[in-house]
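Using the hints, position chain B against chain A.
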Amino acid sequence: MGKKVLVVDDDPDVRLFSIAVLEEHGYTPLEATNGEEGMQLIRKEAPDLILLDVLMPRESGIRLYRQLKTDAKLKNIPIIILSGITRKSFLRSQKALTEFGGEEVPEPKMYLEKPVEPEELAAAIGAALK
Amino acid sequence: MSKILLIDDEEVNVRVLAMSLRSDGHEILCAYSGQEGLAVFEREHPSLVITDIKMPGMNGIEVLRQVKCIEPEAEVIIITGHGDIENAIEALKLGASDFINKPIRDEVLTVAIQRAEEKRSIKRQLREYTDNLEIKVCQATDEVQRKSNFLAKLIGSSNDGIIATDQNLVIVIFNPGAQRIFGFREQEVLHKTIITELLPDKLETLFSHPPDQNNRQALTSRQEITIEAKSGSLIPVLFYTTPLYEKSQVVGTVSFFQDLREIKRLENELVQAERLATIGQTAAGVAHGVKNILHGFKGGSYLVNLGIDKHDKEKLTKGWNLIQRNINRTHGLVMDLLSYAKERPPEYEPCEPNNIVKDVYEVMLDLADEHQVRIETDLDDTIGTVCMDPNIVHQCLSNLVSNAIDACLFDENMEKQWHVIIKTVLDDDRHIQFSVTDNGSGMPEAVLSKLFTSFFSTKGHRGTGLGLLVARKSVEAHGGTIAVSSVEGKGTTFTVRLPFEHECKADNGNG
Chain A
3 MGKKVLVVDD DPDVRLFSIA VLEEHGYTPL EATNGEEGMQ LIRKEAPDLI LLDVLMPRES
63 GIRLYRQLKT DAKLKNIPII ILSGITRKSF LRSQKALTEF GGEEVPEPKM YLEKPVEPEE
123 LAAAIGAALK
Chain B
35 MSKILLIDDE EVNVRVLAMS LRSDGHEILC AYSGQEGLAV FEREHPSLVI TDIKMPGMNG
95 IEVLRQVKCI EPEAEVIIIT GHGDIENAIE ALKLGASDFI NKPIRDEVLT VAIQRAEEKR
155 SIKRQLREYT DNLEIKVCQA TDEVQRKSNF LAKLIGSSND GIIATDQNLV IVIFNPGAQR
215 IFGFREQEVL HKTIITELLP DKLETLFSHP PDQNNRQALT SRQEITIEAK SGSLIPVLFY
275 TTPLYEKSQV VGTVSFFQDL REIKRLENEL VQAERLATIG QTAAGVAHGV KNILHGFKGG
335 SYLVNLGIDK HDKEKLTKGW NLIQRNINRT HGLVMDLLSY AKERPPEYEP CEPNNIVKDV
395 YEVMLDLADE HQVRIETDLD DTIGTVCMDP NIVHQCLSNL VSNAIDACLF DENMEKQWHV
455 IIKTVLDDDR HIQFSVTDNG SGMPEAVLSK LFTSFFSTKG HRGTGLGLLV ARKSVEAHGG
515 TIAVSSVEGK GTTFTVRLPF EHECKADNGN G
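Same order as they appear, the protein sequences are chains A and B. Per the numbering used here, residue 3 is the first one in the first sequence, and the count goes up by one each step. Per the numbering used here, residue 35 is the first one in the second sequence, and the count goes up by one each step.
FYI, nobody ran anything at the bench for these hints, they're computed from the structure. Keep in mind the model is a prediction, meaning the values are calculated, not measured. All residues carry an ideal CB built from backbone N, CA and C; glycine is no exception. Among the hints, a few may not be true.
[Unchecked claim] Some chain B residues flagged as far from chain A (calculated, every beta-carbon gap over 12 Å):
no., residue
1, R77
2, F218
3, L224
4, P234
[Said to hold, decoys possible] Taking beta-carbon pairs under 8 Å as the criterion, some of the chain B residues facing chain A (in silico):
no., residue
5, Y336
6, L337
7, L340
8, K352
9, L356
10, N360
[Unchecked claim] Here are the simulated SDA-like cross-link-like pairs (lysine to any residue), alpha carbons at most 25 Å apart as the crow flies:
no., chain 1, residue 1, chain 2, residue 2
11, B, K136, B, G117
12, A, K6, B, E348
13, B, K187, B, R219
14, B, K325, A, P14
15, B, K344, B, W354
16, B, K325, A, P117
17, A, K6, B, G341
18, A, K97, B, A321
19, B, K325, A, I21
20, B, K325, A, E26
21, B, K344, A, L32
22, B, K102, B, L143
23, B, K170, B, R180
24, B, K347, A, E26
Chain A extracted, bound-state conformation (with noise of 0.2 Å):
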């Protein structure tokens, strides 16, 4: 059995595309389609990797994303962010968050912004599970 990575996002279609490519490249896939169920995956299956998406409705990638880093035991596995926003806007709302009182909170490992290559996105993954 390959590394397990979770893929958090609403949009079928994506996740769709980015199952194709792990179990391509031989890892182990699980699916979220929001931040709440992608939680109880992460506690339940704790993967290696997850793959997580920003906007979505309900709870969202931000908040799902704050929650994983701010938690001792989470915040070590490594997260690719996949989102149709930029990274600029992303680390602007970390930002924000942060000022508005929260913790501060790393950087994701790693940030690609749609559309990504398929080859793209395997080397992003296997670069993040090295």
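Chain B in isolation, oriented as in the chain A frame:
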């Protein structure tokens, strides 16, 4: 006391009279012939001349004539011989103030002088009064003229149209502003036209029943009306009228017209500018949608390539479906953007609203089934064929129904049997109410408040954030309203109220 000139050829008479008058306090000048008397008169300007009538050379009558010629204000008393009544009458005719008979008695002379002095003073007062009156009339006339010019200029230079009428409503003032708005020249209407002929019929009662004078405060309020200009074009104006009173009698009316064409044009420009700004502001929103779609295409082609390489039909099918879905998403995004950006006036035609609802129902049935949502219609069958824009109704209801299905899809309560109901009600003789009700997730207050703002979407990848904006825009273009009520966890109802005509007018085709 007076300055008096005495003229008599008999020196003794002059001396005696002079002595007597000086003792009364008068200043006395003496002359002993008519010629000498006139010379002294011209030099000294006495206020009173007392002259003997019979003198060698120039007689008293001639002196009187000449004195009156030189100084009409001067008073002349003639001394006549006893019984010389004819000369006395002649003297009075020529303007003598009095005559005294010889021998002169002091008391008679005193009275004559007093009367002459009174006459003079009355004349002077009268003259002063007349002079003053002329000045005052001149001043008042100037003032009135100035005020009148000022008012005329004020009325003339007003950008607003001002029309005043007499009590019979015949136009008496038609300022340049009114000429610009109505297109008539002043001479075409002045003293010829009744004001109500220029205004919509509904305003006639306003003029036939002017408000009571005691109720002046309750004058007509400003109202927006449309007037028909001479050219036949319809012009929106802000209109205000008030009766003119004089001693509690209505003596006329004055009406004010503010041309709203420019304001309307600016309003339209503003709407256009807002629309452009919305698009500009939210280019990022579009970019986000496009990026997601592109990502989908890349995923699809990756799966198709894998399927071809490995002869894996399952991957091939999945990949191809993914590509097709993203073709649809591209289509949806582009169509939403186009219909939002495009100015499209409603196109009215005869249609049956209930049939439009049935069409929408048919189209949405598959989507609803796919997500285990039951879809129903509840139609008011008193609605028949009416004049509306069927495309707006169709587009708007499709959008609301697909939103309603999404709302069920987003609902976490798995025990519910989800349903969407499309309902029509004949609201009144001129309006139909369409409503779309679901029992899905409902919306919190924060979402409700942002519902009609551009590119706001809670649907993640599923929404462009344009659907409701487009729906509202077309409903408003149709003269209707769209409203929403929602309870979180219970469901949402969107209500669209649209006006209709029973029959399409011939010129209504282009909206």
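So, going through the hints one by one against the coordinates:
1. With a least beta-carbon separation of about 110 Å from chain A, B:R77 lies farther than 12 Å from that chain, consistent with its non-interface assignment.
2. Listed as outside the interface, B:F218 is consistent with that label: its C-beta sits roughly 62 Å from the nearest C-beta of chain A, beyond the 12 Å cut-off.
3. No beta-carbon of chain A is positioned within 12 Å of the beta-carbon of B:L224; the least distance is around 69 Å.
4. No Cβ of chain A comes within 12 Å of the Cβ of B:P234; the nearest lies about 53 Å off, and the non-interface call holds.
5. The interface hint given for B:Y336 holds, since its Cβ lies 4 Å from the closest Cβ of chain A, which is under the 8 Å cut-off.
6. Checking B:L337 against chain A by beta carbon gives a least distance of about 5 Å; that is within 8 Å, so the hint holds.
7. Given hint, B:L340 at the interface with chain A, holds; its Cβ is 7 Å from that chain's nearest Cβ, closer than 8 Å.
8. The beta carbon of B:K352 is positioned within 8 Å of a beta carbon in chain A (closest approach about 6 Å), and the interface hint is therefore held.
9. Because the smallest distance between the Cβ of B:L356 and any Cβ of chain A comes to about 5 Å, under 8 Å, the interface hint for this residue holds.
10. A least Cβ separation of about 7 Å between B:N360 and chain A falls short of the 8 Å threshold, and the interface hint therefore holds.
11. Only pairs whose Cα atoms come within 25 Å are accepted, and B:K136 paired with B:G117 is accepted, the gap being roughly 9 Å.
12. Among the hinted pairs, A:K6 with B:E348 is consistent with the structure: their alpha-carbon atoms are about 23 Å apart, no more than 25 Å.
13. With a C-alpha separation of about 17 Å, the suggested pairing of B:K187 with B:R219 holds against the 25 Å cut-off.
14. Only pairs whose Cα atoms come within 25 Å are accepted, and B:K325 paired with A:P14 is accepted, the gap being roughly 15 Å.
15. For the hint pairing B:K344 with B:W354, the CA-to-CA distance comes to about 15 Å; that is within 25 Å, so the pair holds.
16. Of the pairs offered as hints, the one joining B:K325 and A:P117 holds, with about 6 Å between alpha carbons and a cut-off of 25 Å not exceeded.
17. A distance of roughly 24 Å separates the Cα atoms of A:K6 and B:G341; the hinted pair therefore holds under the 25 Å criterion.
18. The suggested pairing of A:K97 with B:A321 holds, with an alpha-carbon distance near 23 Å, which does not exceed 25 Å.
19. Between B:K325 and A:I21 the CA atoms are separated by roughly 19 Å; this keeps the pair inside 25 Å, and the hint holds.
20. With a CA separation close to 24 Å, the supplied pair B:K325 and A:E26 stays within the 25 Å bound.
21. A hinted pair counts as satisfied when its Cα atoms are at most 25 Å apart, and B:K344 with A:L32 qualifies at roughly 24 Å.
22. Restraint check: the Cα-Cα separation between B:K102 and B:L143 comes to about 21 Å, which is no more than 25 Å; the hinted pair holds.
23. At most 25 Å may separate the alpha-carbon atoms for a hinted pair to count; B:K170 and B:R180 meet this at roughly 15 Å.
24. Of the pairs offered as hints, the one joining B:K347 and A:E26 holds, with about 15 Å between alpha carbons and a cut-off of 25 Å not exceeded.
In this structure, none of the earlier numbered hints is contradicted; all agree with it.
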